[in-house]
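Colleague: Start from the sequences, fold in the hints, and give me the full structure.
Numbering (this note's numbering) for the sequence shown: 7 to 391.
Hints are supplied without guarantee of correctness; some may be wrong.
Claimed, not checked - With a straight-line cut-off of 30 Å between C-alpha atoms, the simulated DSSO-like cross-links for lysine-lysine are:
| id | residue 1 | residue 2 |
| --- | --- | --- |
| 1 | 62 | 143 |
| 2 | 72 | 271 |
| 3 | 62 | 174 |
| 4 | 97 | 143 |
| 5 | 72 | 174 |
If you are wondering where the hints come from, they were derived from the structure by calculation, not from laboratory data.
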Amino acid sequence: MAEWHENAAELADAEDVVVVCDTRTNVNFVVAGRPEPTLVVVTGRVFDAETQAGLKGLVIFEARSKEDNGVDGRYRRVVAETNADGVYEVKLQAGVNYIAYAKILGRDNKEGDYLAEFWENTHDGSEATLLNLTENKEGVDFSMDKRPVFNNGFGGMMKNNYTNAGVKGKVVAYQILRKAKDNGDTIIEKRDVQTVETDDNFGYEFTNLAPGTYIVFGVPSERPHVPGWMVLGGKAATEWREATRVEVSEVLITVRDDINLDTAKGERGKGRVRGWVYDKRGGIINNGKVEDRAQNAAAITGSLIVARDEAGDIIDFALSENEGAFELTELSIGEVTITADRVDFEPTSEVVTIDGPNTRSSRSPSASSKAQQVLKSLLMPLAVP
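Modeller: Here it is as structure tokens:
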């Protein structure tokens, strides 16, 4: 297994090596072979949401981690097929974060009559609940909603903004609606959501959409590509309000809306920031402890967290996960601007200073204190527009 000097699994825990001119410095490593993974068994059922009848389809489990993090390649993406009653069984690697989703394929492996369903009870692939298991689990079920029937749709390609190379991943379409409040203000609300996967040519396609206005979010499968909102003819935006609006009518339209994803710089430093994203309306206890939050404080999953350096370049990013948690790592010394953004909410940002030596815990009081500062400032970030 890969490691950092000295006996560290992560860069933030690595020991500094001081190199002096005209002196040979030895840096030794002792590495161990990757152990055979411990497996857990997951079972569940895929069924029609209205009739409860079992459905024949696929259930996919995908590992979600920034780095390899000990994930065995055989269990990074696991696909199970349901039987005629909609029942499936699958073996996963214990201790690994997975997202899970079910889909029913139609002819020629095209999207079928049902919308893709993500665990737990959402059509939005960006806010899927993570599964991390250390023992067998039953009841990971998927209640499938039928796709609305309209003769319309739109699509495009997800690609690298700088090279035009195709990028695989998932694409989420959000229907948004403008509403007038009693005081005359206009607010925007999210309504229907659909998620599709890119095909072998990195294209995506939405069909049978309820007529209305949509914005489109691209979620790449691999780094360094950064998730982003489709901007027609431009680089994908990291804030949803900057997304191009796509108007969908009841009749078929032929529109190509490419998602041109930015890439992260990938600087390697030892700074690390952890935090949580919550709905600001919740009245949270602001002490950095997730277990002490007020009961009415809703965590916001699927928020795009972006860290930019002093030049404005993206150096790391994350999507908030269970309990609204996120982590940014390998941040270099200097001022870092961290922004949180989620559809339906106003974005928020915080500027923090990463100073050396940026290691964690007792060996890095500076990095540790800065991480706590960000955690507190982002604890209640998102306000209703």
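Colleague: Hints first: check each against the structure and report whether it holds.
Modeller: Hints, verified against the model:
{"no.": "1", "hint": "62 - 143", "result": "holds, 21 Å"}
{"no.": "2", "hint": "72 - 271", "result": "holds, 15 Å"}
{"no.": "3", "hint": "62 - 174", "result": "holds, 25 Å"}
{"no.": "4", "hint": "97 - 143", "result": "holds, 10 Å"}
{"no.": "5", "hint": "72 - 174", "result": "holds, 16 Å"}
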